[in-house]
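Using the sequences plus the hints, can you model the full thing?
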Amino acid sequence: MAGASTSMRLRLPIACIALEVILIILFGVAVEYDHDVSGEAGHKTNTTHHDYENEFYYRYPSFQDVHVMIFIGFGFLMTFLQRYGFSSVGFNFLIAAFSLQLATLVQGFLHTIMTGGKIHVGVESMINADFCTGSVLISFGAVLGKTSPVQMLTMAVFEVILFSVNEFILLSLLNAKDAGGSMTIHTFGAYFGLMVTRVLYRPNLDKSNKKNSSVYHSDIFAMIGTLYLWMFWPSFNSAITLHGDIQHRTALNTYYSLAACTLSTYAFSALLNHEGKLDMVHIQNAALAGGVALGTAAEMMITPFGSMIVGFLAGAISVLGYRFITPFLESKLKIQDTCGVHNLHGMPGILELFTVSLFPKITSDFPASAQAGMQAISLVVTLGIALIGGIIVGFILKLPIYGAPSDSQCFEDGVYWE
Amino acid sequence: MAGASTSMRLRLPIACIALEVILIILFGVAVEYDHDVSGEAGHKTNTTHHDYENEFYYRYPSFQDVHVMIFIGFGFLMTFLQRYGFSSVGFNFLIAAFSLQLATLVQGFLHTIMTGGKIHVGVESMINADFCTGSVLISFGAVLGKTSPVQMLTMAVFEVILFSVNEFILLSLLNAKDAGGSMTIHTFGAYFGLMVTRVLYRPNLDKSNKKNSSVYHSDIFAMIGTLYLWMFWPSFNSAITLHGDIQHRTALNTYYSLAACTLSTYAFSALLNHEGKLDMVHIQNAALAGGVALGTAAEMMITPFGSMIVGFLAGAISVLGYRFITPFLESKLKIQDTCGVHNLHGMPGILELFTVSLFPKITSDFPASAQAGMQAISLVVTLGIALIGGIIVGFILKLPIYGAPSDSQCFEDGVYWE
Amino acid sequence: MAGASTSMRLRLPIACIALEVILIILFGVAVEYDHDVSGEAGHKTNTTHHDYENEFYYRYPSFQDVHVMIFIGFGFLMTFLQRYGFSSVGFNFLIAAFSLQLATLVQGFLHTIMTGGKIHVGVESMINADFCTGSVLISFGAVLGKTSPVQMLTMAVFEVILFSVNEFILLSLLNAKDAGGSMTIHTFGAYFGLMVTRVLYRPNLDKSNKKNSSVYHSDIFAMIGTLYLWMFWPSFNSAITLHGDIQHRTALNTYYSLAACTLSTYAFSALLNHEGKLDMVHIQNAALAGGVALGTAAEMMITPFGSMIVGFLAGAISVLGYRFITPFLESKLKIQDTCGVHNLHGMPGILELFTVSLFPKITSDFPASAQAGMQAISLVVTLGIALIGGIIVGFILKLPIYGAPSDSQCFEDGVYWE
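Protein chains in written order, with our numbering: chain A, 137 to 554; chain B, 137 to 554; chain C, 137 to 554.
No copy labels: a pair is met if it fits in one copy or bridges any two.
Calculated cross-link-like contacts (lysine-lysine; reagent style DSS-like; alpha-carbon spacing at most 27 Å):
#, residue 1, residue 2
1, Lys347, Lys534
2, Lys534, Lys413
3, Lys468, Lys346
4, Lys470, Lys343
5, Lys470, Lys346
6, Lys470, Lys534
7, Lys534, Lys346
8, Lys468, Lys343
9, Lys347, Lys470
10, Lys534, Lys343
11, Lys347, Lys413
12, Lys534, Lys468
It is worth saying that the hints were derived from the structure and are not from the lab.
Have a look at this one:
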């Protein structure tokens with residue numbers, strides 16, 4: 137019975153094919169090449185100076201770094217579970233491949249609301265679509281091991297739309313700054329996912345508790361994910377900034393923030409263990425908090441000094457979160473956060489607000505207080521959409537049609553993989 | 137006896153040293169730096185505008201992506217075998233390091249046939265050499281586990297030459313379009329390899345059947361290969377196109393094709409399993425077919441819409457191939473295709489022809505029908521050289537001098553690794 | 137007792153927090169953005185031509201490749217040990233994150249000695265800091281498994297300073313050439329590390345001998361490190377050269393050197409085994425020697441022919457070193473070199489001197505003999521500082537305050553990881 141109810145034999149093909157066919161039709165109707173993607177192809181024989189200034193050459197290396205973060209970074213970070221490696225990396229792959237297509241449409245549609253016309257695609261839309269996908273994968277981390285792939289595709293549909301609406305409100309209506317997505321990507325993805333996992337609360341999850349842990353090699357696989365996220369985070373934060381010194385500075389600040397964050401992560405991980413032993417979960421996750429926390433401020437004149445302070449605090453907060461807040465969320469608030477996304481993406485995203493306030497002169501086109509106020513409003517909007525959206529989507533995902541695993545089948549590849 | 141006959145003690149050193157010495161001599165005689173590699177080195181103290189327009193900056197990031205595909209992508213994709221991981225990644229490494237040197241010479245020689253002069257090397261020749269190497273590694277995938285490294289080096293010698301001749305006929309004589317190598321790399325490599333494995337048919341391979349399968353961690357290692365191939369395929373297809381919008385468009389189209397391909401792969405993998413479970417072999421391979429199938433057309437004005445249709449079909453065809461055609465090839469045609477290269481590289485390469493025909497207006501410098509006709513002739517030439525060449529090389533590899541493993545030693549690292 | 141003495145409960149937090157706080161203060165006092173990192177951020181709305189010429193676009197892709205080598209390359213190369221994977225990749229991560237911050241300060245300070253003013257940071261300082269970090273990680277390879285993380289942080293403090301002093305003497309005072317760091321990075325790091333491990337000699341290390349070896353999957357993890365180092369070495373050697381043809385040539389020469397090195401590595405590995413079997417240790421390490429040996433000469437007009445000869449010799453020397461010299465060093469000189477850094481980084485670095493002498497006309501701004509003489513003096517200086525510095529630092533690391541593991545706890549993650 138349980139086996140029958142989780143079968144993906146029809147559910148997954150129907151979901152994938154229906155979604156992909158709809159995407160293809162919408163792309164056919166609404167999408168066209170951006171001006172530096174289209175062109176008089178075939179007529180050229182020599183490369184002109186103009187060709188060298190194609191946006192491709194100034195964004196594509198950053199895009200590829202972001203792409204690696206999405207598929208290898210997020211995918212392998214979640215392989216830490218001993219019997220859920222196929223699903224971690226495999227469903228991450230599926231959800232990401234779907235989300236980036238839908239995000240292109242929804243983000244593009246909102247962009248054209250004002251101006252009309254078709255949706256334009258190029259390397260910038262590819263980066264933005266990957267960003268939105270990252271937010272979906274953060275939410276996936278919160279419910280990892282407890283959901284079916286059809287549930288995750290369904291969540292992705294709603295989350296991509298809500299993400300894009302929130303992003304549109306923040307960047308286009310409120311003129312907030314968030315190049316690296318502290319709020320739009322991390323805070324949104326984390327709190328949305330936390331609400332979903334709250335609604336999907338499983339009181340008897342201890343049945344599969346033994347499998348909700350790592351083994352030796354699964355932790356080393358997870359370090360592949362961690363390191364790619366860590367190394368390429370400077371590219372993530374700077375991928376979509378303005379060109380020139382701003383992009384340069386964004387990458388540089390993120391690099392220093394992450395380095396400082398790593399040292400505080402090791403320090404607090406050892407300090408909080410009664411034998412002084414390091415916890416792989418902290419290293420795999422908290423060392424990345426410096427990139428999250430600087431998502432907004434990295435493009436500002438925050439200096440390496442400021443970046444390192446933010447990174448150091450982010451690492452400390454994140455380790456403390458794993459040690460104290462995650463158990464509290466689970467036991468008191470019934471939020472079962474498999475990957476601890478609250479510690480890596482939730483709190484460091486909020487830390488960003490203090491960053492902007494702490495460095496009042498870091499931006500020059502607005503009065504500092506006005507910008508700080510706008511960032512605060514943006515954060516409230518983000519939290520509102522994430523929390524309410526997450527609850528509603530959580531209830532949608534509770535419908536008994538997705539083949540969700542039983543409690544004893546959680547964290548187990550065998551349900552979905554031959 | 138069996139142990140003695142497979143010893144690499146003398147065979148491998150002789151092969152490696154002889155081949156490398158010949159390569160070094162030929163490089164000394166025939167190769168010189170391309171004009172933007174050579175220069176008045178040492179005289180400069182400031183970077184001039186001209187230096188920023190060096191081809192290096194517009195090709196090298198793509199080259200590095202391709203390089204990762206060749207060594208990590210192909211190498212780790214083949215680590216799925218439970219007891220053949222060292223050989224998969226290690227012989228992939230050896231064959232690739234050899235092939236890229238030989239390819240530089242043979243491709244360069246054919247380029248200079250018309251014009252005379254020395255062979256010029258630079259970042260473009262590096263990409264082309266890696267492409268040719270990719271074709272050899274595809275053939276390696278067909279015979280994986282059943283051949284000695286000396287056999288593989290020997291195969292590489294012949295395949296690099298035949299590949300380069302075929303490529304020269306297609307691109308220089310027939311004016312075919314094939315920037316991403318649907319025909320020259322994938323179709324050629326696949327059918328060449330299939331013929332080699334046909335001639336090397338082992339009727340008693342079931343002796344090592346147990347080892348011709350994966351274990352849990354070997355499948356996760358293989359996903360590293362899959363994901364790097366998948367992420368960087370846009371760079372592969374666009375690495376050698378003309379600069380500007382064409383290169384931009386090629387990467388973009390490939391990105392969408394792969395995303396759509398991934399969804400159809402998951403759909404058909406679940407649909408074809410009676411319990412609806414996903415098959416790692418499909419995910420690892422078929423999800424890449426969208427990159428192969430768009431190798432030729434990606435630079436054209438095929439639109440994201442067209443790219444997604446091609447990708448979707450490629451994924452479906454590839455999964456169906458693994459499910460139905462591979463067993464047929466093995467039982468009826470005696471073609472033992474270890475990695476299923478027919479499904480990933482063979483059929484999607486042929487699908488390309490239909491792509492060019494289905495989108496008659498996608499290229500503007502030729503009448504569409506003429507271009508489609510030329511592509512068809514090119515495919516016939518490619519298949520002819522691959523099939524006949526593969527059979528001949530197969531018989532050369534049957535000579536009892538290479539230390540080929542016995543049937544019970546197949547798929548076993550212990551034969552070659554301490 | 138033993139457990140208590142190795143506890144990191146206070147040691148590691150104190151070390152990490154104290155060092156990071158000092159770094160942050162010094163960054164606050166002494167560091168400012170380089171001119172193409174700083175700017176009138178926020179005022180711009182359009183990208184100007186000038187923005188496209190920001191150094192960022194011509195260095196950042198190379199930087200990211202180097203970054204991957206430091207964190208994934210070195211980190212995973214050392215995961216070959218069966219029970220030390222967490223520490224290999226985890227302490228590599230910690231030490232590298234620390235060293236790159238300190239290196240920025242020390243290298244920057246020495247740069248400003250002549251001119252005065254603040255330390256400027258940008259993508260070039262990031263590459264140089266990663267280079268210095270690489271040298272520290274080479275030394276880490278020599279003592280791998282036998283030291284505590286606090287010992288390693290302490291070593292890093294001293295080594296970063298000595299490295300920077302040596303680099304300053306060579307490049308700024310002696311006008312030596314060493315773009316890829318044959319001497320400054322590899323020779324220095326190797327001989328420094330060998331002296332440290334000599335002073336830390338453990339006569340009873342055979343107590344943990346069983347753990348000082350690999351298992352099947354740990355060797356495959358290590359190949360991830362090897363391949364990333366191999367693929368990106370052309371970026372490493374060329375990351376900081378002058379722009380234009382020099383950078384192009386440096387990458388190209390390194391590519392050929394590594395390819396030739398790989399073939400000689402396989403040849404000699406099989407030849408030296410009495411059954412002709414390949415040794416994973418050789419493949420993982422010696423195949424990289426071609427990159428080390430060409431660190432200095434790669435930017436010169438050495439031709440692919442010359443590069444391949446150097447690479448071929450480097451591979452052979454390195455394998456011979458693993459087979460004959462490492463056991464000699466251990467048994468006669470009491471140098472326990474866990475990763476065999478002498479074979480990969482020590483000897484190939486010295487080979488560089490012969491390279492410069494063998495190709496007398498490869499540089500045009502100095503008389504060849506003068507340049508060769510300067511390189512010889514530089515090598516002597518490097519060896520002097522490395523050997524004497526290593527001995528002194530070795531004795532500092534012998535103090536019983538770092539929580540060093542007992543002999544039976546060596547090569548064991550359990551001491552430091554939960």
